[in-house]
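There are 2 protein chains.
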Amino acid sequence: MISTDALVIGAGPVGLFQVFQLGLLDIKAHVVDSLPYVGGQCIELYPDKPIYDIPGTPHCTGRELVASLLRQLTPFTPPFHLEQEVSVVEKQPDGRFHVETSRGTHFLAKTIFLASGVGAFQPKKLRVEGLDRFEGSQLLYRVGNTSDFAGKDVLVVGGDDTALGWAMRLATLDADQPKSVTLLHRRDVFQADADMVLMIEALREGGALQFKVGQVTAYEESGGQLTAALVTDVDGNIAPLPADTLLVMQGLSPKLGPVAGWGLDMERKQVKVNTATFATSIPGIFAVGDINTYPGKKKLILSGFHESALAAFGAAEIVFPGKETLLQYTTTSPRLHKLLGVAPDTPPA
Amino acid sequence: MISTDALVIGAGPVGLFQVFQLGLLDIKAHVVDSLPYVGGQCIELYPDKPIYDIPGTPHCTGRELVASLLRQLTPFTPPFHLEQEVSVVEKQPDGRFHVETSRGTHFLAKTIFLASGVGAFQPKKLRVEGLDRFEGSQLLYRVGNTSDFAGKDVLVVGGDDTALGWAMRLATLDADQPKSVTLLHRRDVFQADADMVLMIEALREGGALQFKVGQVTAYEESGGQLTAALVTDVDGNIAPLPADTLLVMQGLSPKLGPVAGWGLDMERKQVKVNTATFATSIPGIFAVGDINTYPGKKKLILSGFHESALAAFGAAEIVFPGKETLLQYTTTSPRLHKLLGVAPDTPPA
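Taken in order, these protein sequences are the chains called A and B. Just so we're on the same page, the numbering used here is the position in the first sequence counted from 1, plus 432. Just so we're on the same page, the numbering used here is the position in the second sequence counted from 1, plus 432.
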């Protein structure tokens, strides 16, 4: 059980800046995110696309913004608990929240910051009736160990860099090789890097992997085991493709997730907050960034930054009860210079 | 008379970002500021001091922040009307505002953005009873033309870079020289660049200027003309110093100025706004940054950035009546790319 002043849910740009703002008030935080890396949408949806409206940054990519925010919060770098979603939130008699994640991490948190944007990013599921009962055994959305595929007829479903990358990796393992690797995509055009496509082409010509165009529309089983995917091609013809493991990589999409069941006041799937502290209807839970709503709300990263600053002051009233937290400036405050680990007038190392 | 969609009062960081946010909505702006340069407090109070809490910018000086914001608003660079304060604001029958400045510039503006921070920076006055009636003739707080000092006994009052710089300049003119230049400061230590102090020292040794320690506490006049300053030294002795022109440069301090008389709802010298659009109590006038107040307000630059974004949307309803203004993203919107002058996925030149 991890005790913490603050638990930030979501490691996107606003969650990261929330940690920085909490740090300036000497509030320690842990961070949970569903993705295996920090950065949220910026990394998942537009790592290399330009952003022009971060104030004082005329141009940066999503990846660069995340790198800058991580550099900025260095003095307060929190423990990150990645690849897990919050599954349980229960208020305790002492006012703290017991939080449990999908990986079994437990927290006792004085305050919670919902910075989960459009929601937790989840793999897009293969929608074939009945198939979901194989999830975790013969139907996988992520790779744990490559040795899990040893001796298997593997069908990799997808057409982006991630799908092609894993098809290539599995087709070229040194040990514990699969029996066969087939890449299946609904079109014969990939949404992937040109070099990656060339490498897949070379592997295919060399016979190390197969490529099929089509979609999984049904499956065959025998003795409770998945034995083949039934693939419908562009002409509507259906043919079985022997497979005992499906690795489905059709990208990620955000899901609001269990937040909807916490009893928070919501409006159109957004969490209602007051604009003084960005507190939700449950005292101790704050919501910042794209997940919240209030009159005038615009889903802008720069608004999330402002919200996180005011939310930190809201949390200070709970973390340091009865103590007034005054606004100090990073330019002049010796206390903040100490927290930031900088000498006055000296840039950080 | 200048017609404009928006008039931004204050060219500090928030005023500059306000112009950028208006630009993204295709709203053209003019900017007025009391200082002779843009940047406001960032330049006037901490040009070389570090700021650590601009989101995504781990460290910058006031000067660097202003430079970045100017670079960011390049596609929308507005006409700047500097060294003048707004003196008159009158609502016209057609809903626009007639605005006049201390330099006689006239505007007809559909919307006004108060981004004037702690107020217009004004020269600190020399507090000597009766002396103010010479202001503009024999008592000056700024230099218009150096030739105004030709043949005069000039007393420069102050001890910072600006005061020393002007004393040096007047003592070394090629033409229209003053009869004499005396620098007066209350202490014999200057708050100025070491090189500047050395140059003043050299001029003093060469006899090109005099230096006295003391304060002007009274004056002498003859026939309605100022003839001498009465200077009290550190020991309390009073002596006349012949002078027919006083150039007083004791630094600047902010004054809220005539805003107080516009009829805006105020609270403790701050302008009350709603947090949906940062509109004031007068429709068409918005207030952003340190000048405004609302529940939870913190005087942070990053809050001003958020406020200016929402205020721009508030103004769009007035500038483009009956047209809904949708939020678009600089990362993806072809319309914004066109306004910003960038091709998709390409950084600006």
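Heads up, a few of these hints could be off.
Since the list can't tell identical chains apart, any single copy or any two copies may satisfy a pair.
[Stated by the list, open to error] Here are the computed lysine-lysine pairs in the BS3-like style, where the Cα-Cα straight-line distance is at most 30 Å: (1) Lys731 x Lys770; (2) Lys523 x Lys644; (3) Lys755 x Lys556; (4) Lys704 x Lys770; (5) Lys611 x Lys704; (6) Lys755 x Lys584; (7) Lys584 x Lys730; (8) Lys729 x Lys460; (9) Lys644 x Lys729; (10) Lys730 x Lys460; (11) Lys770 x Lys481.
These are computed hints drawn from the structure, not numbers from a lab.
Right, here's what the structure says about each hint:
Taking CA atoms no more than 30 Å apart as the test, lysine 731 paired with lysine 770 passes between copies only; the shortest distance there is 21 Å, against 34 Å inside one copy. Taking the shortest alpha-carbon separations for lysine 523 and lysine 644, neither the intra-copy value of 51 Å nor the inter-copy value of 70 Å comes in at or below 30 Å. In this assembly of identical chains, lysine 755 and lysine 556 lie within 30 Å of each other by CA distance neither inside one copy nor across copies; the values are 47 Å within and 37 Å between. Taking identical chains as interchangeable, the C-alpha atoms of lysine 704 and lysine 770 are never at most 30 Å apart, the minima being 36 Å within one chain and 35 Å between chains.
In this assembly of identical chains, the alpha carbons of lysine 611 and lysine 704 never lie at most 30 Å apart, being 52 Å within a copy and 71 Å across copies at closest. Proximity of lysine 755 to lysine 584 under the C-alpha cut-off of 30 Å is found in neither arrangement, the shortest distances being 62 Å within a copy and 59 Å between copies. In the homo-oligomer, the alpha carbons of lysine 584 and lysine 730 never lie at most 30 Å apart, since the shortest distance is 49 Å inside one protomer and 60 Å across protomers. In this homomeric assembly, lysine 729 and lysine 460 come within 30 Å of each other (Cα to Cα) both inside a single copy, at 28 Å, and across copies, at 23 Å.
Taking the closest pair of Cα atoms, lysine 644 and lysine 729 never come within 30 Å of each other, the shortest separation being 46 Å inside a single copy and 59 Å across copies. Proximity of lysine 730 to lysine 460 under the C-alpha cut-off of 30 Å is found in both arrangements, the shortest distances being 29 Å within a copy and 21 Å between copies. In the homo-oligomer, the alpha carbons of lysine 770 and lysine 481 lie at most 30 Å apart only across protomers (16 Å), although the nearest pairing inside one protomer, at 36 Å, exceeds that limit.
Against the hints set out earlier in the document, violations occur for numbers 2, 3, 4, 5, 6, 7 and 9.
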